[in-house]
Amino acid sequence: MLQLNKYYNLNKNIFSSPDLEANRVGFGVALKDVGKTNKDVVALCCDLTESTRIIEFAKAYPERFFEIGVAEQNLAGIAAGMALTGKIPFMASYAAFSPGRNFDQIRVSIAYSNTNVKIIGAHAGVTVGPDGATHQMLEDVALMRTLPNMTVIVPADFDQAYAATVAATSFVGPVYIRLAREKTPKITTSTTPFTIGKANVYAKGRDVTIIANGPMVYEALVAAEALEKQKINVEVIDCHSVKPLDAQTILTSVAKTGAVVTAEEAQVTGGLGGAVAELLGEHMPVPLKRIGVLDRFGESGEPAELMKAFHLTAHDIQLAVHEVIARKNR
Amino acid sequence: MNNPFNYSTPMLKKTAHAIRVDLIKALAHAGSGHSGGPLGLADCVAAVYFYGASIDPHNPHHPDRDRIIFSAGHYSPVIYATLAHAGYVSINHFINDYRMFGGCLDGHPNFKTPGIETASGPLGQGTSQAAGMAAAAKLDKKEWRVWLFMSDGEQQEGQVQEAAMWMGFRKLDNVIAILDANNMQIDGHVSNVLGEKWIEDNYRNYGWYIITIDGNDMKQIMRAIDEAKEVRGKPTLIIARTVPGKGVKFMENDYHWHGKPPVGKEVTEALDDLGKEVN
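Top to bottom, those sequences are chains A and B.
The first sequence begins at 110 in the working numbering and counts up by one.
The second sequence begins at 43 in the working numbering and counts up by one.
Next up, chain B with everything else stripped away, as it sits in the complex (with noise of 0.2 Å):
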């Protein structure tokens, strides 16, 4: 299997940005959500779905696709929104119906959705899966990969540390970890909560693959997915220095935007400074 897109980077930066649209739209109607790191991973996001994965979009239970999974659920506007844009669900589903009783689009994701391989919310949980998937995977001899998004407060789960430890013993290289390291959680900056510097000295000690890029950077992205996918014996963590809220100037960098929607005319002046961006 391959990327059914294979999308240029002058498309994948497109995508991006019709994906932070749209999830703004889908934050606003919803009421609900988190803007700040969704906003900040779409590229990553954008390319592992238009550029680096193997999927279906049209077969979303393949069994030779890759496994993608998002350990922290609350990116889930970006990860709807992506879904999208690939075909798994229609937008106008994803704008009107996110966090709406009765669809298939929670808060926090979940099997629901296709397209989606694991329910995640409790900070953690995909990384020890995505770990027993790519376990599955080698025992099988199958090629498919693992990609697993997390967060950087989420690595202070001790669940998060488990699972990496196990991922780096077993050197399961069929596994290609984005770490979205934007240095805020819900209390503040990742680095005055519990510090940072850790998490890629425990992963190198761990036995990991470390690649550390602008995460806002598709050149940089797509040189990382490459880099990794070539990896052998250890699994790679791509860390993706990126800004919250990128692409929406009052959000940015800005902790307070970790888990609220836009209000409001914050809706309106979020999506001109899209519309900014973009021109």
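So that you can see chain A by itself, here it is in the shape it has in the complex (with noise of 0.2 Å):
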């Protein structure tokens, strides 16, 4: 049986069936209760607000509410406006237009200008499903990665989006929150502490990494747990903050294991293994494979269905893993 690691206080049904809520959900409800105390938060929304979930706040505090209309350039601009004149914008839209279509007035007016703004990228990865390829953003976390200046988060659940949101909400600076649309289980509870820019190690083990965020989290734990039964003790790493990257304590855990599995469900190019690999190549070369979108573009289907089509689930993790040991004890 996988040992969680106390300290992070996890759902105790993550393997026997947990909970399932969209982290999206997690962030409409944080950004409400943010905005109850902090008069300075504004959120803006283009024509998305419901599957957004900054409904929940423009129901709360219309007068700080802002309808955009389909207009992702102008949704960035007017953010940046607002961060100057001493507001803490939210933006949201799906990611496959905000950052997808805005890149240069994010770049620009956010990033560049060092503005307080806090980007909500929903319905990102494959599992948007049926929408098909042009909704199914996979390129933003690369995209936003290389943006000096901006934070990047992919949180894994329901709980983590809530508590993302709200050090967003106290952290100077541009923050890219990039959400899903699915329900996904819930692993960590309200109570599991949350620090940008720093990695929770969620099961310590010896043979092998496994650094994952977002959604795949919960393969990664159902891989280790499964990995634990075969004899192979996996330390389970929950990279939430890609940006910046928690290089101590990933690096502090491959010394030990010499073997890596990343996870993710964006481009593995630019993404969180495209990160770590950079960070190994240049610190900590050792076998590493990497679980993600490799070089292509998504296409209709069910979650559950494409998450198997695309290799991005527990059972891929685990082939991974045993591919890494293998080069590691070659």
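It cannot be assumed that every hint is accurate.
[To be verified] Derived lysine-lysine pairs resembling DSBU-like cross-links, with alpha carbons at most 30 Å apart: (1) A:145 with B:180; (2) B:184 with A:145; (3) A:148 with B:183; (4) A:145 with B:183; (5) B:291 with B:307; (6) A:307 with A:352; (7) A:168 with B:180; (8) A:148 with B:213; (9) A:115 with A:292; (10) A:148 with B:276.
Rather than coming from a laboratory, the hints here were simulated on the basis of the structure.
Since we're looking at a predicted model, the values are computed, not measured.
Both chains are sitting in their own frames, so use the hints and assemble them into the complex.
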């Protein structure tokens, strides 16, 4: 049985029918809550108020909610202008459109200008499902990670999205938070520690390190649990902050295990896999296998079907673990 | 807050002239940068800083100041020259360090320069930021205004249309936009590249109040500013028809001077022309 790190007070039902909830819902609840105490918080949305869950804030504080219409470039610029006036704007759209469409505005008006804007990219990843490739944003992490001044967070679940939203509100500077549409298992709880830039080590192990983020953290834990039964002792790291990357936690773990698997629901190129490969390549080259989307676009399908087709399941992580351990022992 | 200068028409003309002379010197020293647009817009910029806007150059971050946004960052020569004459930076620093490494006066404006409110360069980005500032001021029930300088070629950016539509719809009457209608962009005349009549039509359709003036006639500029300040329930667009390269005969109305500085004896000739103009 996989021993979970008690420090993080994780959900006790992770391996026995955990509750399901979308992490975007956690964002919506959190934004409403921070808006109650912090009057500088404003919310902006591009005609996706309900699905991005910004509707919670909009209903509670209509005077501080700004409907922008279908105009994501304008969204980013208006948010920047409000931040320059002392507001803490949360701008929400689908990741396919923001940052997909407004990279230039995010680059200059937000990142270069270091304006205190929080960018919410909802419905990211292949699990958007039937809408197909145009709406399945896979390149957002890579885009945002290249920008100086930008912080990039990929919450694992409902409670972590809540915690990330609270943390982003008090953090001064641009933050990108990536959210998914689907309901996913609750891993964390409302008391699970969350610090921007600090990775969470949910399980300690000596044979291999799995570094995951977003809904893939659950898949990583399921894989680790299965591997434990095969006498493979896995360290599981929830790397919710892709930038800044918690190099210390990762290198400490890898120095011990000597083999790494990354797991994310985004292009590995430039994503978490890219970030970890860069770190290890420079400081600690070890056998590495990256689970994620491999230089291809998405397509229509049911979320579970797509996770399988794109090799984003716990089973795929297990295979990758066997591979890196074999390479380590060669 | 008020305008700390509140110059008369002759003083504004004199100041605009000094701005032109200094921007030519800075461009010549830098060896790169834009000449045409900045020379053409000097009168309007001078009028906003030395007559229209509520600013405090000694306290550039005063919370109640008007925000002056330059959406088209390539106007930096006229922006910096004006900031220098208003006291935000020194005139020597402008003439000697414009576009130089390690200074605070980059080719396109950013937050290193006191008095600059937004980074600009990629066209159109100032328009949305102006909209955001104006909406925030309304939310906080503040009296300060947003002055937004734009170029006519810039109107081709989709973002400008998005922002103009939004400001009109939300009736942001704390916005006074000044459009440098000089009919010049890099590839030629704006009217030939993508037409220009639609620009005014669009703003009208978006719900803006429109004033059209000769943007090189100081009295008309001052009257337009006075009129715009009285408008309620609509943002105002001042369409300022200007002569690109104004004051330097060989640059006037020649789009080839959009994006380059005078070199060698062109510098002397340009300064001579400007000298003649003031006399």
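Q.
Under the constraints set out in the numbered hints, which ones does this structure not fulfil?
A. none
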